[in-house]
Amino acid sequence: MTNKLFIYNTLSRQKEEFIPLHENFVGMYVCGPTVYSDVHLGNCRTFISFDLIYRYLLHLGFKVRYVRNITDAGHLEGDRDEGDDKFAKKAKLEQVEPMEIVQKYTLGFHNVMGAFNTLPPSIEPTATGHIIEQQEMIQHIIKNGYAYEVNGSVYFDVEKYIKEYPYGQLTNRNLEDLLANTRELDGQDEKHGPLDFALWINAKPEHLMRWSSPWGVGFPGWHIECSAMSSKYLGDTFDIHGGGMDLQATHHTNEIAQSQACNHKSPVKYWMHTNMLTVNGVRMSKSAGNGFDPDELFTGNHPLLDKGYSPMAVRFFMMQTHYRSTLDFSNEALTASEKGYRKLMSSMELFDKIKTSATTTSDIATLKKNCYDAMNDDFNTAVLLANLFEGVRIINSVYAGTETITEQDLETLVNLFQDFVIDVLGLQPEGSSDNSISDGLMNLILSIRADVKAKKDFATSDKIRDSLKQLNISVKDEKDGKTSWSFE
RNA sequence: GGUCGCGUGGCCGAGCGGUUAGGCAGAGGUCUGCAAAACCUCGUACAGCAGUUCAAAUCUGCUCGCGACCUCCA
Numbered sequence: 001m002t003n004k005l006f007i008y009n010t011l012s013r014q015k016e017e018f019i020p021l022h023e024n025f026v027g028m029y030v031c032g033p034t035v036y037s038d039v040h041l042g043n044c045r046t047f048i049s050f051d052l053i054y055r056y057l058l059h060l061g062f063k064v065r066y067v068r069n070i071t072d073a074g075h076l077e078g079d080r081d082e083g084d085d086k087f088a089k090k091a092k093l094e095q096v097e098p099m100e101i102v103q104k105y106t107l108g109f110h111n112v113m114g115a116f117n118t119l120p121p122s123i124e125p126t127a128t129g130h131i132i133e134q135q136e137m138i139q140h141i142i143k144n145g146y147a148y149e150v151n152g153s154v155y156f157d158v159e160k161y162i163k164e165y166p167y168g169q170l171t172n173r174n175l176e177d178l179l180a181n182t183r184e185l186d187g188q189d190e191k192h193g194p195l196d197f198a199l200w201i202n203a204k205p206e207h208l209m210r211w212s213s214p215w216g217v218g219f220p221g222w223h224i225e226c227s228a229m230s231s232k233y234l235g236d237t238f239d240i241h242g243g244g245m246d247l248q249a250t251h252h253t254n255e256i257a258q259s260q261a262c263n264h265k266s267p268v269k270y271w272m273h274t275n276m277l278t279v280n281g282v283r284m285s286k287s288a289g290n291g292f293d294p295d296e297l298f299t300g301n302h303p304l305l306d307k308g309y310s311p312m313a314v315r316f317f318m319m320q321t322h323y324r325s326t327l328d329f330s331n332e333a334l335t336a337s338e339k340g341y342r343k344l345m346s347s348m349e350l351f352d353k354i355k356t357s358a359t360t361t362s363d364i365a366t367l368k369k370n371c372y373d374a375m376n377d378d379f380n381t382a383v384l385l386a387n388l389f390e391g392v393r394i395i396n397s398v399y400a401g402t403e404t405i406t407e408q409d410l411e412t413l414v415n416l417f418q419d420f421v422i423d424v425l426g427l428q429p430e431g432s433s434d435n436s437i438s439d440g441l442m443n444l445i446l447s448i449r450a451d452v453k454a455k456k457d458f459a460t461s462d463k464i465r466d467s468l469k470q471l472n473i474s475v476k477d478e479k480d481g482k483t484s485w486s487f488e
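Per the working numbering, the first sequence starts with residue 1, numbered consecutively.
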């Protein structure tokens, strides 16, 4: 439909027209979570952003293969207190199995993603499930001369690579800058150069996750899984690779190097990076201790939270900001989003009740065009929402009788909201009840209230309304004498 | 220190050379038995200084403040 889609490509630092490598097909890889602890909101933001991108690509009619990995190897060690060998001395059965941790947090991650109404990826590969592929890729890189083995570990030879290929394109860094910022890290004497990074790491005795390999028992390095799995499922070159901005400088830079060294091809056409979530201006992160997990957010059970916020209110909150901007969390902002979200959703409930006319007083076609223009401009959901709120105004005005709409325009508007609010933004109604008992009870109560109101017994009718309010049920008298109700 | 980015009205947050962002909060009004909701009207904001231009929040330079990455982290 309509115009061209433009995507901001980190490689070129500008918006580029999106032209898939294979017409009508899109391959997209997103770096997923490391499942050794609960996801926090900042993680969620990235995945929700890419969910939006995935949804819009689907909406445009592309056949998308969306791959998002689960990192369940490489970072996991049985000994949380390194240097202290008390854990190593414990019987193995006393320790938690690494895969137990993986299972627990993978399930938790999926639950949270479900709560946020994200679509599952097409493929969700795990690092532990692709050890062979990673080893094969490493062997290939060694064969091509860009990696070397030392004491059972394999390192990528950045200084050799950098002579033949651009290395720091994602961050605009040159060799001198990179070298100037290298730090002396202990225990890294094995590396030939300070920029070299591990492809395969020799496992210490206490390391629980370990696999045999041509270089001895060990585990894969931190970047190789994404290269191996993306090329396996999407090919040596694919359309979109995404992830959080914090992965740009190291993880993604090294992914490019690995793939180039292996296949002599640049792996990705469009690199996309989402910005961070901050709390009171500081990045939310595990180490900063200012991260709360989604459950705490939903329940309000956290010192930073005044109250709980529903998943959809949070999703709306994120959609009000462009994915490349930092998003600063505050209770005030969340509360504002909660109200905006409800306003948006409640206007959609009016569609069935709207009466059509012979003419339309607002320009629905332009509104629709503006929505597509916004999304085609690098997925600008903030502008999209601004346009949708113009639609909300129109709906409410028609319902109130101050504007009119034709049947055809109404249909356009209904489809527009279905497409963008539900399908693309991924917002869904919540808190509504289709419980027939509560519906029946409410009809009964409201009919009694209507009776006493007819007798001008306002004391009683207000008592009913106030009491229902206590139960978080709001009652609204509308101008045609009807009364509507909804859960707060 | 290096690389990149940001500073917009009470709050959040788009815009990036000329025309309304939008949401929330606030003020007034319409409607209503009263509420609520909705609708209408209202703020004339772009860190500071200088420059380019007929025209700058939007471009350039400098200053100040903030952040990200450079170390596992989306």
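Take the hints with a grain of salt, since some may be wrong.
Unchecked claim - 25 Å max Cα-Cα, derived DMTMM-like pairs, lysine to aspartate or glutamate: (1) K355 <-> D419; (2) K355 <-> D378; (3) K343 <-> D419; (4) K453 <-> D423; (5) K63 <-> D352; (6) K269 <-> E349; (7) K353 <-> D306; (8) K343 <-> D457; (9) K353 <-> E190; (10) K353 <-> D236; (11) K355 <-> D293; (12) K143 <-> D38; (13) K339 <-> E206; (14) K191 <-> E124; (15) K4 <-> D378; (16) K369 <-> E390; (17) K4 <-> D457; (18) K307 <-> E124; (19) K265 <-> D293; (20) K339 <-> E407; (21) K104 <-> E149; (22) K476 <-> D462; (23) K63 <-> E149; (24) K369 <-> E349; (25) K453 <-> E430; (26) K232 <-> E338; (27) K339 <-> E149; (28) K353 <-> D457; (29) K265 <-> E164; (30) K353 <-> D293; (31) K143 <-> E124; (32) K469 <-> E338; (33) K369 <-> D352.
Source of the hints: derived by calculation from the structure; they are not laboratory data.
A quick note: this is a predicted structure, and the numbers were derived from the prediction, not measured.
Hints, one by one, checked against the model:
{"no.": "1", "hint": "K355 <-> D419", "result": "22 Å, holds"}
{"no.": "2", "hint": "K355 <-> D378", "result": "36 Å, violated"}
{"no.": "3", "hint": "K343 <-> D419", "result": "18 Å, holds"}
{"no.": "4", "hint": "K453 <-> D423", "result": "42 Å, violated"}
{"no.": "5", "hint": "K63 <-> D352", "result": "33 Å, violated"}
{"no.": "6", "hint": "K269 <-> E349", "result": "42 Å, violated"}
{"no.": "7", "hint": "K353 <-> D306", "result": "36 Å, violated"}
{"no.": "8", "hint": "K343 <-> D457", "result": "31 Å, violated"}
{"no.": "9", "hint": "K353 <-> E190", "result": "72 Å, violated"}
{"no.": "10", "hint": "K353 <-> D236", "result": "53 Å, violated"}
{"no.": "11", "hint": "K355 <-> D293", "result": "45 Å, violated"}
{"no.": "12", "hint": "K143 <-> D38", "result": "39 Å, violated"}
{"no.": "13", "hint": "K339 <-> E206", "result": "52 Å, violated"}
{"no.": "14", "hint": "K191 <-> E124", "result": "33 Å, violated"}
{"no.": "15", "hint": "K4 <-> D378", "result": "10 Å, holds"}
{"no.": "16", "hint": "K369 <-> E390", "result": "13 Å, holds"}
{"no.": "17", "hint": "K4 <-> D457", "result": "61 Å, violated"}
{"no.": "18", "hint": "K307 <-> E124", "result": "34 Å, violated"}
{"no.": "19", "hint": "K265 <-> D293", "result": "39 Å, violated"}
{"no.": "20", "hint": "K339 <-> E407", "result": "29 Å, violated"}
{"no.": "21", "hint": "K104 <-> E149", "result": "35 Å, violated"}
{"no.": "22", "hint": "K476 <-> D462", "result": "11 Å, holds"}
{"no.": "23", "hint": "K63 <-> E149", "result": "41 Å, violated"}
{"no.": "24", "hint": "K369 <-> E349", "result": "23 Å, holds"}
{"no.": "25", "hint": "K453 <-> E430", "result": "31 Å, violated"}
{"no.": "26", "hint": "K232 <-> E338", "result": "42 Å, violated"}
{"no.": "27", "hint": "K339 <-> E149", "result": "58 Å, violated"}
{"no.": "28", "hint": "K353 <-> D457", "result": "29 Å, violated"}
{"no.": "29", "hint": "K265 <-> E164", "result": "13 Å, holds"}
{"no.": "30", "hint": "K353 <-> D293", "result": "40 Å, violated"}
{"no.": "31", "hint": "K143 <-> E124", "result": "29 Å, violated"}
{"no.": "32", "hint": "K469 <-> E338", "result": "18 Å, holds"}
{"no.": "33", "hint": "K369 <-> D352", "result": "24 Å, holds"}
Violated hints for the displayed structure, listed by number in ascending order: 2, 4, 5, 6, 7, 8, 9, 10, 11, 12, 13, 14, 17, 18, 19, 20, 21, 23, 25, 26, 27, 28, 30 and 31.
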